[in-house]
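Novice: Kindly produce the complete structure, drawing on both the sequences and the hints.
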Amino acid sequence: MPRRGWSGRGVRRLALIVLLTLWALPAPAATPEAEVKAAYLYKLASFVRWPNGNGAEGAFRICIAGRGDVAGVLGQLVRGQQVAGRPIAVEQLTVAQTDRAKDCQMLFLGRGSASPLFAATRGLPVLTVGDLNNGTRGGVIDFLLRDGRVRLAIDRGAADARHLELSSKLLDVAVTVAR
Amino acid sequence: MSAPLLQRFSGRLLERRWITGGIALLLLLVSLLLGWQWEQRENANQVRQVTVQARILAGSVAGALAFDDYQTASEYLMALRVNGNIKAAGVYNASGSLVAGFAKRGEKVPQHVQRQAPQIEGSDLVVVEPVQQANLELGSVYLRSIVEPLSARLSRYVAIGTILLLAALLIALLGASNAAAAAANRELLEQIAAREMAETALRQAQKMEALGQLTGGVAHDFNNLLMAASSGLELMQRAKDQERRDKLSEGIRNALDRGAQITQQLLAFSRRAPLRSESLKLDEHIDELAGLLDHSLRENVSVRFALPGDLWPVEVDVSQFDVAVLNLAVNAKDAMPHGGLICITAANRPGALGGRDAVEIAIQDEGAGMSPDAIEKAFEPFFTTKEVGRGTGLGLSQVYGFAQSAGGAVSIASEPGKGTTISLLLPRSLPQPESGAPAEIDAPHASLKGLRVLLVEDDAILNELVGQMLEEQGTQVLAATTAAEGLALFENHPVDVALSDMVMPGEMGGLDLARRMRAMRKDFPIVLMTGFSAAAEPAAAEGFTVLRKPFTMAALVSTLEDSLRGRAD
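So the sequence lines, in the order shown, correspond to chains A and B. Residues are numbered in this note's numbering as their position in the first sequence, beginning at 1, plus a constant of 1. Residues are numbered in this note's numbering as their position in the second sequence, beginning at 1, plus a constant of 1.
Which residues of chain A face chain B? A partial, calculated answer using Cβ under 8 Å:
no.: 1; residue: 47
no.: 2; residue: 48
no.: 3; residue: 153
no.: 4; residue: 171
no.: 5; residue: 174
Chain B is faced by these chain A residues, among others (derived, beta-carbon under 8 Å):
no.: 6; residue: 41
no.: 7; residue: 44
no.: 8; residue: 150
no.: 9; residue: 170
no.: 10; residue: 173
No lab work stands behind these hints, which were simulated from the structure alone. Since the structure is predicted, the reported quantities are computational estimates derived from the model, not experimental observations. Where a beta carbon is used, it is the ideal one built from N, C-alpha and C, also for glycine.
Specialist: As structure tokens, this is what we get:
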């Protein structure tokens, strides 16, 4: 996916990245892929703003389809945690539960769960996260593996269509950003 | 007005050493305090700057920390490298372990950090700022920045500090020198005051000595005169021959005249003698003067007069003039102990007295002359070059006093060994008809006969004598010894004319009495008698007739007649 909207700073950053890759950086401790994805899902909530009026009351719902392992880790991770003053609820969805998917704030689409749930939440302020190395894509954000590490790919057009505001800091660490 | 006051005040302040020292110290203290305050502010400023940088870094690396993108974190850190002040920087994850960092040569990035307030470690400032996203704690950043070292900071203050120190020193120095000058000045003033006191005491002593000499001389002269008068009287009482009695009486008269002359001289010296200015033609007066001089000078001294015929008349008191010339001639004679010639010359000097015409009379001798020092002091009272007992030192003083009161001038030209010339410049008299001098009266004057005269005189002898003189003229005399008594007599008895002394004991003086009588009877003729010009002047100014003491019977009669005539007019 080609980058668009090059900025001067982006060019400089790219040059630095090239330079820095020559140096060996201390490798992060190897984490099971599921744990990393669960942690990233939790952290993502802090870098995104949802429009008001959609599920402003009640728990902050993170829905997970097709990745029971991630849901398990996340369930433990968010215990007692909050997002924007709201308690966090982790829910596992099946592909058929499209109605419930509409009320989620975040929707992680694991193996084989993409199309129906994705279609059901089109135009709604639901942050869809695709699991690219497991074959799901088309989320606002897609997890992908690069050099053995989980990275982010961002589709800003999808975010705009769902009235979601992504922090520039998030864009900063994305491997690719599509408009 | 305020400027000298301020100056004096500040001068006072600067006189005190401790005040200037205090000012200097205060200046130093204030500058130290300001410097310290400035330092504090600078430090706080630096802390703020580094903290802001740390916060920017923390914000920038939030995403990188959250999603383990340490490469991006490194990029942000590297951007800080260009900042020369930052020695080391690091990004730490939520558990406090280093994930990215850099350090300049010789510096180290700690592997772990904990939250802490910004603090100065050695010459470095260390700031640790948390990295947060929403309320998610992601980790922290670490910045180690150079704080300006003490020596660099001190060197920044060296210039201003030196100037301040010099200023303080200058103030202290000025204060010290000012205090020293003030002390010296005070000492000098004290010395001057002491010297002035000593000089005053010396002058007083000199004055007392001179007074002693004068009174001694005067007493001596008066003794002689009194001796002459009393012995003359005694002889007169014994004499049976009328011719001899007349001769003795004339001798007594002469002695008394001389006494009057001496007092005249003294009064002239004190400038209290009332001047009876009249127009004097010197060439006509010369015979009288020659006789006077012949009488007073020794035989081996001769006098030559050289007066031109067209000499202007001068406006002087004749008797004073005679005394002055006599004094000058006596001085000339004394300057020539072996005899010689005294030249008295006169000449017209147009416009010589400040534009006024004058006549110059010069008395020249062939004597010892005078030193410049002596010339300078010649007119001072009691100054004399003659030995004790021979001169009173009043001669030239009288001449000076005479010249001054006549509106003229006097000058000395002399050199030691070459004789002395003393010149008198006297103002020219403007021509006016001269009133004839009162003739000597032997017989009782007809116009005064039967006149009722009120006589007020506190001196009993004078009262008696003047009373007799008046009675001899056929007048009726009402005598009083005080002004109050005289006023009572005036109010209760009919009188035609009053004759009163001016200076009398009691609350009322002669002038007060005259004023009250004049107030009661306008145009009442009043004659005031006095020997003092100081008293005579205001009386004359108020239009009262003044009769100068001592007076002869002729003067008394003519003055009384004048006052009565004034009433008739």
